[in-house]
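Chemist: The lines below spell out each chain.
2 protein chains.
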Amino acid sequence: MRRTSALILIGNEILSGRTRDDNIQFLALRLGELGIPLVEIRVIPDIRETIVNTVTELRARFDEVFTTGGIGPTHDDITSPCVAEAFGVPWEIHPPTFTLLEDRFGRENFNPARQRMAKLPKGATPIANPVSIAPGFTIGNVHVLAGVPRIMRAMFEELAPTLQKGAPVFSRTWHTTSLYEGALADGLEAIQDRFPDLDLGSYPFHREDGRHGVALVAKGQDVQHVNEAAQAIHDLLKEKGGSPVEGEPPV
Amino acid sequence: MRRTSALILIGNEILSGRTRDDNIQFLALRLGELGIPLVEIRVIPDIRETIVNTVTELRARFDEVFTTGGIGPTHDDITSPCVAEAFGVPWEIHPPTFTLLEDRFGRENFNPARQRMAKLPKGATPIANPVSIAPGFTIGNVHVLAGVPRIMRAMFEELAPTLQKGAPVFSRTWHTTSLYEGALADGLEAIQDRFPDLDLGSYPFHREDGRHGVALVAKGQDVQHVNEAAQAIHDLLKEKGGSPVEGEPPV
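So the sequence lines, in the order shown, correspond to chains A and B.
Residue numbering for the first sequence follows UniProt numbering, starting at 1 and increasing by one per position.
Residue numbering for the second sequence follows UniProt numbering, starting at 1 and increasing by one per position.
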């Protein structure tokens with residue numbers, strides 16, 4: 001069964017270049033393993049209308065939607081009320097989360113800003129946060145995670161067992177030095193035509209020390225087809241004068 | 001003057017997790033410097049309809065649109081014909097580029113796959129590629145760059161002098177250890193309310209060795225407002241018992 005997912009990174013820090021993203025690759029790999037591959041990613045600012053519209057659009061188009069960022073206590077943390085708006089439900093205190101956070105912070109430090117983190121869209125299920133307590137949540141097919149990578153990963157692993165898995169994606173890679181993509185393109189396209197269910201990719205590499213070459217990847221849900229395509233890729237690299245080595249090229 | 005840009009990363013390797021993105025932060029920082037800040041990023045697969053629709057939507061919504069990836073010689077390199085389709089123009093041999101590439105590869109090696117790299121949307125202007133010759137191009141407000149970071153950066157610097165600049169974005173940051181966001185949220189929101197033209201951000205940090213704290217950033221095009229907000233942030237951190245230090249927290 002083919003399942004799909006999309007990811008929305010919410011916040012200005014990636015768009016401004018302040019922060020280098022450290023969430024995409026983790027989620028891309030884990031979702032591939034779970035058979036719910038990522039098909040689209042958006043990075044958007046913390047603007048109410050943009051968040052509401054993006055969540056509304058993507059939750060209709062993909063089986064699962066993940067968001068990261070914007071669930072802390074500050075004025076720019078507006079993901080949670082925006083997701084409530086996208087689902088047309090109230091954004092309200094979630095009593096068990098309120099109690100959890102009040103115990104954590106102590107009553108005298110549990111100020112209005114921190115109380116915002118106890119509000120969830122009505123009907124949402126919290127996702128436990130083993131690092132810093134304040135939870136993410138799931139509502140419908142939308143999963144709202146923290147933006148801080150360590151917290152996001154912990155939340156994702158709490159969530160993963162509850163996700164409906166799809167067929168896992170298999171992948172095999174051959175690389176060779178010295179050859180260029182342009183010499184392999186026709187042969188690779190012929191292999192792609194034989195295996196229309198697979199995704200064949202060609203990734204040139206150029207190292208600082210002058211080593212260069214190309215990696216060819218066959219990927220798909222039919223392991224037999226992936227193995228046959230990998231053999232054909234090996235034979236193509238040989239035929240064109242390369243020295244095929246299985247796996248990714250060394251850095 | 002407020003100018004805006006969007007970025008489209010085209011290709012399956014980021015979505016599958018094979019490759020960690022190394023283009024977003026460079027472009028985010030350079031476009032901020034040029035006063036054309038990034039307002040949205042999309043990562044999409046190399047599917048014709050998706051590319052055409054995404055380019056069509058974003059070029060109408062933003063002043064400048066940049067794409068990376070999908071301009072090599074292989075069957076999955078379909079960015080260039082898709083951009084032609086989005087503009088409703090033919091995709092055809094660009095004679096000066098054909099000559100350039102034929103000289104580079106030699107007539108006998110200039111096979112049909114490589115000849116694809118000499119095709120541009122009708123009316124496009126090539127962007128020189130000082131690394132590996134095959135050019136990117138500009139058509140209207142869409143700028144098509146390579147996906148390999150070293151080549152992308154070189155193309156961007158060829159392009160940058162031709163872009164219409166906006167007002168540059170100024171930014172000042174204070175950080176402190178020990179304090180948490182939740183203690184600062186109300187005070188920060190009050191500063192945001194005083195400077196609605198600025199973008200104030202709050203970024204908690206948690207280091208492996210247990211150091212934690214928060215960085216507060218004031219950003220905007222009015223340098224006077226940025227400086228006043230930075231002073232107010234400093235005073236807030238002091239008042240709440242922090243030890244404010246200017247700049248980003250050490251790693």
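Careful, some of the hints might be misleading.
Because identical chains share one entry, a pair is satisfied inside a single copy or across any pair of copies.
[Stated by the list, open to error] Straight-line Cα separation of at most 35 Å, DSBU-like style, residue types lysine-lysine; simulated pairs:
id: 1; residue 1: Lys219; residue 2: Lys119
id: 2; residue 1: Lys238; residue 2: Lys119
id: 3; residue 1: Lys165; residue 2: Lys240
id: 4; residue 1: Lys240; residue 2: Lys119
id: 5; residue 1: Lys122; residue 2: Lys165
id: 6; residue 1: Lys238; residue 2: Lys165
id: 7; residue 1: Lys238; residue 2: Lys122
id: 8; residue 1: Lys122; residue 2: Lys240
For the record, the hints were derived by calculation from the structure and aren't laboratory data.
All figures in this text were calculated on a predicted structure; none of them were measured in a lab.
Chemist: Decide, hint by hint, whether the structure agrees.
Modeler: Taking the hints in turn, this is what the structure says about them:
no. : hint              : verdict
1   : Lys219 <-> Lys119 : between (42 Å within a copy, 29 Å between copies)
2   : Lys238 <-> Lys119 : between (60 Å within a copy, 29 Å between copies)
3   : Lys165 <-> Lys240 : neither (40 Å within a copy, 47 Å between copies)
4   : Lys240 <-> Lys119 : between (61 Å within a copy, 25 Å between copies)
5   : Lys122 <-> Lys165 : within (26 Å within a copy, 45 Å between copies)
6   : Lys238 <-> Lys165 : neither (38 Å within a copy, 50 Å between copies)
7   : Lys238 <-> Lys122 : neither (60 Å within a copy, 38 Å between copies)
8   : Lys122 <-> Lys240 : between (61 Å within a copy, 34 Å between copies)
Of the numbered hints listed earlier, those contradicted by the structure are 3, 6, 7.
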